[in-house]
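All chains should be built: construct the whole structure from the sequences, respecting the hints.
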Amino acid sequence: MAGKTLYDKLWDLHVVSQRDDGSALVYIDRHIIHEVTSPQAFEGLRLAKRKPWRVDSVVATPDHNVPTTRAERASGIAGIADPTSKIQVQTLDDNCEALGILEFKINDQRQGIVHVVGPESGACLPGMTIVCGDSHTSTNGALGALSIGIGTSEVEHVLATQCLVAKKMKNMLVRVDGELGLGVTPKDVVLAIIGKIGTAGGTGYAIEFGGDVFKAMTMEGRLTVCNMAIEAGARAGMVAVDATTLNYVKNKTFAPKGEAWDMAVAQWRHLHSDSDAKFDEVVVLNGALIEPQVSWGTSPEMVLPIHGVVPNPANEADEVKKAGIERALKYMGLKAEQAICDIRIDRVFIGSCTNSRIEDMRAAAAVVKGRQKATSVKEAIVVPGSGLVKQQAEAEGLDKIFVAAGFEWREPGCSMCLAMNADRLNDGEHCASTSNRNFEGRQGYGGRTHLVSPAMAAAAGIAGHFIDVRTMGEV
Amino acid sequence: MRAFTQHTGLVGPIDRANVDTDLIIPKQFLKSIKRSGFGPNAFDELRYLDEGSPEKPNDGRPLNPQFPLNFERYQGASILLTRKNFGCGSSREHAPWALDEYGFRAIIAPSFADIFFNNCFKNGILPIVLPDDIVEQLFAEMYAQEGYRLTVDLERQVVVKPSGEALAFEVDEFRKHCLLNGFDEIGVTLRDADKITAYEQARKKTAPWLFNFGA
Numbered sequence: 001m002a003g004k005t006l007y008d009k010l011w012d013l014h015v016v017s018q019r020d021d022g023s024a025l026v027y028i029d030r031h032i033i034h035e036v037t038s039p040q041a042f043e044g045l046r047l048a049k050r051k052p053w054r055v056d057s058v059v060a061t062p063d064h065n066v067p068t069t070r071a072e073r074a075s076g077i078a079g080i081a082d083p084t085s086k087i088q089v090q091t092l093d094d095n096c097e098a099l100g101i102l103e104f105k106i107n108d109q110r111q112g113i114v115h116v117v118g119p120e121s122g123a124c125l126p127g128m129t130i131v132c133g134d135s136h137t138s139t140n141g142a143l144g145a146l147s148i149g150i151g152t153s154e155v156e157h158v159l160a161t162q163c164l165v166a167k168k169m170k171n172m173l174v175r176v177d178g179e180l181g182l183g184v185t186p187k188d189v190v191l192a193i194i195g196k197i198g199t200a201g202g203t204g205y206a207i208e209f210g211g212d213v214f215k216a217m218t219m220e221g222r223l224t225v226c227n228m229a230i231e232a233g234a235r236a237g238m239v240a241v242d243a244t245t246l247n248y249v250k251n252k253t254f255a256p257k258g259e260a261w262d263m264a265v266a267q268w269r270h271l272h273s274d275s276d277a278k279f280d281e282v283v284v285l286n287g288a289l290i291e292p293q294v295s296w297g298t299s300p301e302m303v304l305p306i307h308g309v310v311p312n313p314a315n316e317a318d319e320v321k322k323a324g325i326e327r328a329l330k331y332m333g334l335k336a337e338q339a340i341c342d343i344r345i346d347r348v349f350i351g352s353c354t355n356s357r358i359e360d361m362r363a364a365a366a367v368v369k370g371r372q373k374a375t376s377v378k379e380a381i382v383v384p385g386s387g388l389v390k391q392q393a394e395a396e397g398l399d400k401i402f403v404a405a406g407f408e409w410r411e412p413g414c415s416m417c418l419a420m421n422a423d424r425l426n427d428g429e430h431c432a433s434t435s436n437r438n439f440e441g442r443q444g445y446g447g448r449t450h451l452v453s454p455a456m457a458a459a460a461g462i463a464g465h466f467i468d469v470r471t472m473g474e475v
Numbered sequence: 001m002r003a004f005t006q007h008t009g010l011v012g013p014i015d016r017a018n019v020d021t022d023l024i025i026p027k028q029f030l031k032s033i034k035r036s037g038f039g040p041n042a043f044d045e046l047r048y049l050d051e052g053s054p055e056k057p058n059d060g061r062p063l064n065p066q067f068p069l070n071f072e073r074y075q076g077a078s079i080l081l082t083r084k085n086f087g088c089g090s091s092r093e094h095a096p097w098a099l100d101e102y103g104f105r106a107i108i109a110p111s112f113a114d115i116f117f118n119n120c121f122k123n124g125i126l127p128i129v130l131p132d133d134i135v136e137q138l139f140a141e142m143y144a145q146e147g148y149r150l151t152v153d154l155e156r157q158v159v160v161k162p163s164g165e166a167l168a169f170e171v172d173e174f175r176k177h178c179l180l181n182g183f184d185e186i187g188v189t190l191r192d193a194d195k196i197t198a199y200e201q202a203r204k205k206t207a208p209w210l211f212n213f214g215a
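Just so you know, the protein sequences line up as chains C and X, in that order.
Residue 315 in my numbering is what sits at position 315 of the first sequence, and the numbering runs on without skipping anything.
Residue 135 in my numbering is what sits at position 135 of the second sequence, and the numbering runs on without skipping anything.
Read the hints as simulated data drawn from the structure, not as lab findings.
Cβ atoms here follow ideal geometry from the backbone N, Cα and C, with glycine treated the same way.
Please note that a few of the clues may not be correct.
[What the hints assert, rightly or not] In silico SDA-like cross-links for lysine to any residue, where the CA-CA straight-line distance does not exceed 20 Å:
1) C:Lys167 <-> X:Lys56
2) C:Lys215 <-> C:Leu246
3) C:Lys330 <-> X:Phe43
4) X:Lys205 <-> C:Asp12
5) X:Lys34 <-> C:Arg50
6) C:Lys49 <-> X:Phe211
7) C:Lys168 <-> X:Val171
8) X:Lys205 <-> X:Ala193
9) X:Lys195 <-> C:Ala78
10) C:Lys257 <-> X:Phe211
11) X:Lys195 <-> C:Gln18
12) C:Lys105 <-> C:Ala78
13) X:Lys195 <-> C:Asp280
14) C:Lys378 <-> C:Thr69
15) X:Lys56 <-> C:Ala422
16) C:Lys49 <-> X:Asp15
17) X:Lys195 <-> C:Ala166
18) C:Lys49 <-> X:Ile186
19) X:Lys176 <-> C:Gln18
20) X:Lys34 <-> C:Glu43
21) C:Lys170 <-> X:Val171
22) C:Lys330 <-> X:Lys176
[Unchecked claim] Now the stretches of chain C that chain X is said to cover, found in silico as 3 or more residues with beta-carbon under 8 Å:
23) 14-27
24) 103-112
25) 126-134
26) 141-152
27) 160-166
28) 321-327
29) 332-345
Okay, here's the thing in structure tokens:
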């Protein structure tokens, strides 16, 4: 019998019962909740007069709607200018209070983007099944966990039963061999992967990221990569547990301590694919060939190396794809065969569950240090992923570096990644963004998003157009 | 949940691949704490010429005359015909809520994104996967024939064309079962409450750190 993949092991560990119809009841260890996809689930529970199965498995924090300016944030919920946003954040507080759910409220130091807060607090741990009503829940798979995004009906289902009804996915291994070049980051790696397999390439699969590049990658880098597994169509992305994982998890607030730690580590050490494990699909990339990436279109698969040129639809034989390229060029205001380096930008957004951790802040700060934002760039905002990231960055003086360079230093939240709060693009504006989706209207009506790494976003903010950060040299 | 057994209806197109859930229902409408009210803003950025907002009444907003679902011939469409990877991106269940309220009962495409696909079943909408060439053929027939209608029969797992030709489709047994009966899934799961408790008891012994969160 062939060995098991990491996903097989995590799945087997959590099956409560296998049903005759091909589905399984899967136990959920951790349920993370935010304000946007939970109110209808709580309402559903109330209407059916049901109680949560295990409130001590749940942790909540508001992130999507919260303002990021100090002025609006100073007075907490009362300070939220948008009345509908205010109601939604208040509703999360009310629901958590009524049921006794642990919540990091709007101005709690531990508040932040759900997918940043989970790993940094130790609420998300290796070996867990983790769900959240948010597609980027795949992030936590970097810890060696099975972590998936769910809809609101499933949020209600997990609250009521502690289980999901699911069918096992297929196994895909994405292996990146070799070593990354200098200035090439985890964001570039995942964008290159999506460019290769497409936004539907991982549909129906759980993706394990393996190979030398991921072995050498920091935990925060792995979180960035797993975060965007969903952009390749996969509900779950994951990386095997190793010393990097254990070092990261150790001493986190909610991580096991003492004897419990030793007991946990003994189990977590098995959380890797067996050498004879069978994958349904294997994709291989050479890490040395990956260059800094910039998305040009309206889907994350529309991505190119920095020295690339925008595609010409005339060269595309497939009619549906051709129409897609034409539509994207029109929406993005680009010409066929235009050089990526010639795209001028209006705004910079450094943040989101993809790239708002301390290493991201450091990478961006290193680029802007001693330099000035281009005058043609209207606004460059840096939004840390949590109160704790913000605190750490300020302790290192990163905030001052950003401000000195003409970048704004904000309060934690999802911010301009999806523009549910006041941070958004205006019609027609180009943005160098460290977020995860360049969909039409995503960052604001008519807004034009280019997905890049923190270093590349910072570099674009300085130059006023996309530029290979590797060519900028020391200040 | 509302059951789905059989449905006959007018077919309407979104003739593009990779339609994401941001496009199906833009984020500003996600601030609602209700499950309803999303229908008038389904495909908001394609459907209207101006920017929509939850505060803005939709009556009187300028409709985009280029958007097929605004054409007279597709009014009342209840079966959506579209391209690959429909529903990709955000997990927002507001997307199927919006499509449901718009009037769609079934969606036909060569493929769907996983989370959206799953969310449809929770809301009595049937997503149907048919091969690329068949979808292509359905597009051609729909464009050629005004008032093109299809019948979807979940029990038999077929889409029946006006010619009477039946196109078979696959559907997971458990999803089919729930949808045909309109089951309350939570109620069904809670019948296994003893098994869930037994699992928990065993896990508390082998992985106790999972059970003292926040303590």
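Against the structure, the hints come out as follows:
{"no.": "1", "hint": "C:Lys167 <-> X:Lys56", "verdict": "violated (41 Å)"}
{"no.": "2", "hint": "C:Lys215 <-> C:Leu246", "verdict": "holds (13 Å)"}
{"no.": "3", "hint": "C:Lys330 <-> X:Phe43", "verdict": "holds (19 Å)"}
{"no.": "4", "hint": "X:Lys205 <-> C:Asp12", "verdict": "holds (17 Å)"}
{"no.": "5", "hint": "X:Lys34 <-> C:Arg50", "verdict": "holds (18 Å)"}
{"no.": "6", "hint": "C:Lys49 <-> X:Phe211", "verdict": "violated (25 Å)"}
{"no.": "7", "hint": "C:Lys168 <-> X:Val171", "verdict": "holds (15 Å)"}
{"no.": "8", "hint": "X:Lys205 <-> X:Ala193", "verdict": "holds (19 Å)"}
{"no.": "9", "hint": "X:Lys195 <-> C:Ala78", "verdict": "violated (45 Å)"}
{"no.": "10", "hint": "C:Lys257 <-> X:Phe211", "verdict": "holds (13 Å)"}
{"no.": "11", "hint": "X:Lys195 <-> C:Gln18", "verdict": "holds (11 Å)"}
{"no.": "12", "hint": "C:Lys105 <-> C:Ala78", "verdict": "holds (13 Å)"}
{"no.": "13", "hint": "X:Lys195 <-> C:Asp280", "verdict": "violated (31 Å)"}
{"no.": "14", "hint": "C:Lys378 <-> C:Thr69", "verdict": "holds (17 Å)"}
{"no.": "15", "hint": "X:Lys56 <-> C:Ala422", "verdict": "holds (17 Å)"}
{"no.": "16", "hint": "C:Lys49 <-> X:Asp15", "verdict": "violated (43 Å)"}
{"no.": "17", "hint": "X:Lys195 <-> C:Ala166", "verdict": "holds (16 Å)"}
{"no.": "18", "hint": "C:Lys49 <-> X:Ile186", "verdict": "holds (12 Å)"}
{"no.": "19", "hint": "X:Lys176 <-> C:Gln18", "verdict": "holds (17 Å)"}
{"no.": "20", "hint": "X:Lys34 <-> C:Glu43", "verdict": "holds (9 Å)"}
{"no.": "21", "hint": "C:Lys170 <-> X:Val171", "verdict": "holds (17 Å)"}
{"no.": "22", "hint": "C:Lys330 <-> X:Lys176", "verdict": "violated (41 Å)"}
{"no.": "23", "hint": "14-27", "verdict": "holds (count 8)"}
{"no.": "24", "hint": "103-112", "verdict": "violated (count 0)"}
{"no.": "25", "hint": "126-134", "verdict": "holds (count 4)"}
{"no.": "26", "hint": "141-152", "verdict": "holds (count 4)"}
{"no.": "27", "hint": "160-166", "verdict": "holds (count 5)"}
{"no.": "28", "hint": "321-327", "verdict": "holds (count 4)"}
{"no.": "29", "hint": "332-345", "verdict": "violated (count 0)"}
The structure shown violates the earlier hints numbered 1, 6, 9, 13, 16, 22, 24 and 29.
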